[in-house]
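Here is how the chains run, residue by residue.
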Amino acid sequence: MTIRTILSATALLAVALPAGAETIGISIPAATHGWAGGLNYHAQATVERLEEAYPDLDFVLTTASDPSKQVSDIEDMVATRNIDALVVLPFESEPLTAPVARVAESGTYVTVVDRGLSQDGIEDLYVAGDNEGFGRVAGEYFAETLDEGSKIVVLRGIASTIDNERVEAFTAAIEGAGIEVLGMEHGNWNRDTSFTVMQDFLSRFPEIDAVWAADDDMATGALQAIEQAGRSDEMWVVGGAGMKEIVARIRDNDPMLPVNVTYPPAMIATAIELTAMRFTSPAPVAGRFIIGSELITPENAADYYFEDSPF
Amino acid sequence: MTATAEPRQAPRRRINLHAIGPLAALGVLLLIGIALNDNFLSYSNLTNVLARSAFIGIIAVGMTFVITAGGLDLSVGSMAAFVAGVMIMVMNALLPMMGQGVGVILVGILIGLVTGLFGGAINGLLVTRARIEAFIVTLGTMGIYRSLITWMADGGTLSLNYELSGVYRPVYYGTVLGVSWPIIVFALVAIAGEITMRHTRFGRHCAAIGSNEQVARYSAVNVMRVRMATYVLLGLLVGVATIMYVPRLGSASAATGLLWELEAIAAVIIGGTMLKGGFGRVWGTVVGVLILGLIGNILNLTDLVSPYLNGAIQGIIIILAVVLQRGGIRSN
Chain A
1 MTIRTILSAT ALLAVALPAG AETIGISIPA ATHGWAGGLN YHAQATVERL EEAYPDLDFV
61 LTTASDPSKQ VSDIEDMVAT RNIDALVVLP FESEPLTAPV ARVAESGTYV TVVDRGLSQD
121 GIEDLYVAGD NEGFGRVAGE YFAETLDEGS KIVVLRGIAS TIDNERVEAF TAAIEGAGIE
181 VLGMEHGNWN RDTSFTVMQD FLSRFPEIDA VWAADDDMAT GALQAIEQAG RSDEMWVVGG
241 AGMKEIVARI RDNDPMLPVN VTYPPAMIAT AIELTAMRFT SPAPVAGRFI IGSELITPEN
301 AADYYFEDSP F
Chain B
1001 MTATAEPRQA PRRRINLHAI GPLAALGVLL LIGIALNDNF LSYSNLTNVL ARSAFIGIIA
1061 VGMTFVITAG GLDLSVGSMA AFVAGVMIMV MNALLPMMGQ GVGVILVGIL IGLVTGLFGG
1121 AINGLLVTRA RIEAFIVTLG TMGIYRSLIT WMADGGTLSL NYELSGVYRP VYYGTVLGVS
1181 WPIIVFALVA IAGEITMRHT RFGRHCAAIG SNEQVARYSA VNVMRVRMAT YVLLGLLVGV
1241 ATIMYVPRLG SASAATGLLW ELEAIAAVII GGTMLKGGFG RVWGTVVGVL ILGLIGNILN
1301 LTDLVSPYLN GAIQGIIIIL AVVLQRGGIR SN
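First to last, the protein sequences are chains A and B. Quick note on numbering: my numbering labels position 130 of the first sequence as 130, and the sequence is numbered without any gaps. In short: position in the second sequence from 1, add 1000, done, that's my numbering.
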């Protein structure tokens, strides 16, 4: 063992691992519905963009169709790709908490997106949408726009913490405005379910002034049911999340779709960019980054329209 | 059916008791609906419920034959989503060539039927030729079709061209003498299914195979061909249902047709068909479909039950309907 062999071995290592080469693992749910489709699109687009901008950074992107698959994905990333950072949008909070905590304990930088883990303090960076704001912004629009004594119906999502937070904030925001909520039913963030629920709302209530559909897939189903009943000029619908077809109709001043509230799937891009920044710049990256829910109006709709995104 | 009933006494009375369960459940549901909401019996509400039940209904009629012949098909919901996706992509692709008009829609409908037929044939071939259990085959194809539609839609939603949707819309929303098309098609499929099950050789062969495959084979029934035909028929009916489904929202996504297979199977069993095969009742299936449709409708029309409990109410009524029906058998 001479000094020369040690030197050449070190040189070989240096060639194999260029200085500062870092691998970022990204684990997100598979594209099983519109919003997750947008999530996947933005994740892939961001990875492509960053790989070009920072040749030193490597990315591993995995999509999981259930929590246990996601746990295996993360374990595989740690074992085989030796990741330096993990960006994870947990499929469900509880099952992912322990596996992500193990990754964090091993010294890997962890960014958690949107769905928080069930224990605080595991992640280095938390990037999320604002569910409370999502309900509040919509509620404020209803309170400002509708006259006292107006009647509305609400389509809720899949029964979950997210849905509860949104609906509570909405209810709080319309309190005192004299708006009567005729009914709330679960449309499960699904077009077909919302279509039938809205049909039944329409048979049940002769007077409805507005609908809070709380999601653009649900808004799409509700709009069809209203059109079928021939009551399009009676009411308007506010969806949410900023699906591109809906944003296009707001931009074109559709009277049935006055506004929308964002809950952008592009938040995964924010999370990946910030995590990459941790390795490419001296700027401190830590803490919580909450992406506000904004009101899309006909005036600013063009800014929220992404031509290539599936959502 | 008569073959198994002959050795015992008074088969006629048993049939009546056997059949009364689902009808009684349907009657009770109707009464509850009338009591809870004045609009329940309104023309628009009833047509809504019938039209939205038509998809599951058309599929469930086909499922009755598959289950009667001792089979099962878990892939129908995913297959419907896949067929819808194929139809939408083909129609959108043909639009620049053929212009918007009835021609494109007719090609789309044909593609839908052919895709459904092929889907059914693949299930049938794997079950009959490769001799794999129907549960496993269709569990596999269920996953395949669900992934394919997600992939085709790029994780999002496939939407039919806006102008084309306008041309196609009347197939779901249009009416003949006040009755909308899905209801008419459902009724025709149900009547044809009932006649086929009770009065044709094919229907009797299905029951014979489901009852005892060996005996059926010794009685010169071409077991493979009949079994194959049940899956092809079901695939074709999935195509028919999808033709009615696509014009409703003009879109297909990974969430399309979710759990339709279980609803169809539940409707078939509520209607009095044996899950293990050997006996099928198409009109019972229609009653089962209506029961499932009405439960959802009634729950939406009232505030009596927390929406969190909708699934529980559905479950209770499904089990009750079957208990009533099986109770009828045991009392003899």
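Calculated from the structure, these hints are not laboratory results. Just to be clear, a hint being listed does not mean it is correct.
A few chain B residues facing chain A, derived, Cβ under 8 Å [to be verified]: (1) Asn-1039; (2) Gly-1155; (3) Gly-1156; (4) Leu-1249; (5) Pro-1307.
Stretch by stretch, here's where chain B covers chain A in the computed footprint (C-beta under 8 Å, at least three residues) [to be verified]: (6) 37 to 45; (7) 101 to 115; (8) 189 to 197.
For glycine and all other residues, C-beta sits at the position ideal for the given N, C-alpha and C.
Checked hints:
1. Annotation: interface hint on Asn-1039/B holds; nearest CB of chain A at approximately 5 Å, less than 8 Å.
2. Given the 8 Å rule on beta carbons, the hint for Gly-1155/B holds: about 2 Å separates it from the nearest Cβ of chain A.
3. Because the beta carbon of Gly-1156/B sits about 3 Å from the nearest beta carbon in chain A, less than 8 Å, this interface hint is met.
4. Because the smallest distance between the Cβ of Leu-1249/B and any Cβ of chain A comes to about 5 Å, under 8 Å, the interface hint for this residue holds.
5. The interface hint given for Pro-1307/B is met, as the beta carbon of that residue sits about 5 Å from the closest beta carbon of chain A, less than 8 Å.
6. Under a criterion of three residues with beta carbons nearer than 8 Å to beta carbons of chain B, the stated coverage of the stretch 37 to 45 of chain A is upheld, 4 such residues being counted.
7. With 0 residues having a beta carbon nearer than 8 Å to a beta carbon of chain B, the stretch 101 to 115 of chain A misses the requirement of three or more and the stated coverage is violated.
8. Only residues whose C-beta sits within less than 8 Å of a C-beta in chain B count toward coverage, and the stretch 189 to 197 of chain A has 6 of them, enough to reach three; the restraint holds.
Figure legend: structure checked against the earlier numbered hints; the only hint not met is number 7.
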